[in-house]
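Protein chains in written order, with this note's numbering: chain P, 1 to 175; chain Y, 176 to 329.
Simulated from the structure, these hints should not be mistaken for laboratory data. All values derive from a computational prediction rather than experimental measurement. Even glycine gets a Cβ: it sits at the ideal position worked out from N, Cα and C. Worth double-checking, as some hints may not be accurate.
What the hints assert, rightly or not - Only part of the chain P face toward chain Y is listed, based on derived beta-carbon distances under 8 Å:
id : residue
1  : Leu49
2  : Ala53
3  : Glu152
4  : Gln154
What the hints assert, rightly or not - Derived PhoX-like pairs (lysine-lysine); straight-line CA-CA distance at most 25 Å:
id : chain 1 : residue 1 : chain 2 : residue 2
5  : Y       : Lys265    : Y       : Lys305
6  : P       : Lys62     : P       : Lys72
7  : P       : Lys72     : Y       : Lys305
8  : Y       : Lys218    : P       : Lys62
9  : Y       : Lys218    : Y       : Lys305
What the hints assert, rightly or not - Here are the computed distance ranges between Cβ atoms for each label pair:
id : chain 1 : residue 1 : chain 2 : residue 2 : range
10 : P       : Glu113    : Y       : Pro283    : 37 to 47 Å
11 : Y       : Ala229    : P       : His88     : 48 to 58 Å
12 : Y       : Asn207    : P       : Arg67     : 15 to 25 Å
13 : P       : Ala138    : Y       : Glu278    : 24 to 34 Å
14 : Y       : Ala178    : P       : Asn127    : 41 to 51 Å
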Amino acid sequence: MGNRLPADDPALGAALMRLMNALKRGAEAFRDEWNSAADKRVQLGMADLYDKAALAIDQMRKGMAPRFVMDKGAIQAATDFISMLRTHHMRVPKIGPSPDGGVGMSWVFGTREGRPFEIDAVVLDWNTIEYREGFADADGFTVDTILRSTKELQQRLLEALSQNAQPASDRQREQ
Amino acid sequence: MAAAPQPGDLVIDGLLYRWVPNTDLSFDYQENKPSKLAFRPDKGESGISVFLVALLNGPGDVVYDLPGYGVCEFTAQQFLAEVRRLRERKDNKFDQDVTIHYEPTPQPVKGRAHCYIQPMPAIVQKALYKRVATMTPGFPPAPAAAGFDPERDP
Numbered sequence: 001m002g003n004r005l006p007a008d009d010p011a012l013g014a015a016l017m018r019l020m021n022a023l024k025r026g027a028e029a030f031r032d033e034w035n036s037a038a039d040k041r042v043q044l045g046m047a048d049l050y051d052k053a054a055l056a057i058d059q060m061r062k063g064m065a066p067r068f069v070m071d072k073g074a075i076q077a078a079t080d081f082i083s084m085l086r087t088h089h090m091r092v093p094k095i096g097p098s099p100d101g102g103v104g105m106s107w108v109f110g111t112r113e114g115r116p117f118e119i120d121a122v123v124l125d126w127n128t129i130e131y132r133e134g135f136a137d138a139d140g141f142t143v144d145t146i147l148r149s150t151k152e153l154q155q156r157l158l159e160a161l162s163q164n165a166q167p168a169s170d171r172q173r174e175q
Numbered sequence: 176m177a178a179a180p181q182p183g184d185l186v187i188d189g190l191l192y193r194w195v196p197n198t199d200l201s202f203d204y205q206e207n208k209p210s211k212l213a214f215r216p217d218k219g220e221s222g223i224s225v226f227l228v229a230l231l232n233g234p235g236d237v238v239y240d241l242p243g244y245g246v247c248e249f250t251a252q253q254f255l256a257e258v259r260r261l262r263e264r265k266d267n268k269f270d271q272d273v274t275i276h277y278e279p280t281p282q283p284v285k286g287r288a289h290c291y292i293q294p295m296p297a298i299v300q301k302a303l304y305k306r307v308a309t310m311t312p313g314f315p316p317a318p319a320a321a322g323f324d325p326e327r328d329p
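All chains should be built: construct the whole structure from the sequences, respecting the hints.
Put into structure tokens, the structure is as follows:
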């Protein structure tokens with residue numbers, strides 16, 4: 001997969017490690033490191049994730065799974081949102097078709113207190129996006145609301161990211 | 176369930192099957208369990224379909240017309256106890272009465288076992304995929320036919 005760097009290329013591995021360390025320092029440090037990445041293959045490798053995410057959403061249009069009838073507006077809005085993520089160098093979510101025709105997206109982050117924090121969105125059309133966030137081990141959600149644009153979703157995601165320094169998957173890789 | 180259920184009966188015990196689509200966010204391919212969208216209602220629906228195991232020949236009946244889908248299971252007792260627990264906790268702000276009704280349909284093979292759980296708010300969906308439902312042995316979904324997981328190897 002595009003985000004995996006060749007194990008036998010230490011320079012590339014080191015570049016990615018710098019990028020991940022910058023991510024821990026915050027969004028601004030990550031952007032600086034990203035923009036100054038000497039090895040552009042790091043950017044290309046990560047950019048490929050956005051392309052794959054957009055392609056996966058586009059393929060949902062074909063109704064490849066039984067019982068799923070995808071909403072055209074949901075597909076377009078979700079694709080637009082992936083472009084936003086690319087522009088702002090934000091983390092690509094796990095993506096899946098929703099049984100009611102929307103596009104589901106999910107992020108999991110570590111928190112300073114060690115409890116995984118989940119953000120879930122279901123893009124139903126351009127102006128209806130179900131949004132929930134909360135701790136994975138809690139019964140319910142700390143936020144459960146309807147957002148009215150992909151821009152609003154991006155802002156919510158940025159706010160949640162600013163409160164959670166490090167993606168859980170990266171923490172696991174370090175252990 | 177001792178006697179044969181009648182349409183409209185409340186279901187309070189017995190093992191139930193539910194299909195699991197072979198798509199990301201419906202099935203968690205890393206954890207081998209149902210995921211966030213597995214119990215989300217279809218468009219225009221307020222609940223989800225499940226099937227009484229006692230009225231089927233086996234888990235294959237549930238997915239005979241759904242190639243690639245897997246099957247998960249939970250008991251009505253487990254599910255209703257979890258709903259009670261969620262309702263009793265004041266901090267959940269959840270007070271809906273969730274029920275399982277026997278609602279057979281004319282659909283071949285599995286229609287006679289059809290039950291409907293409603294409503295299905297997000298907190299109950301979360302309880303199902305986090306704590307209540309488990310995959311039925313021998314019936315995992317096929318590899319993902321739709322979706323994307325940035326963590327997964329090709």
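Quick one: which hint numbers does this structure break? Sort them smallest to largest. 3, 4, 7, 10
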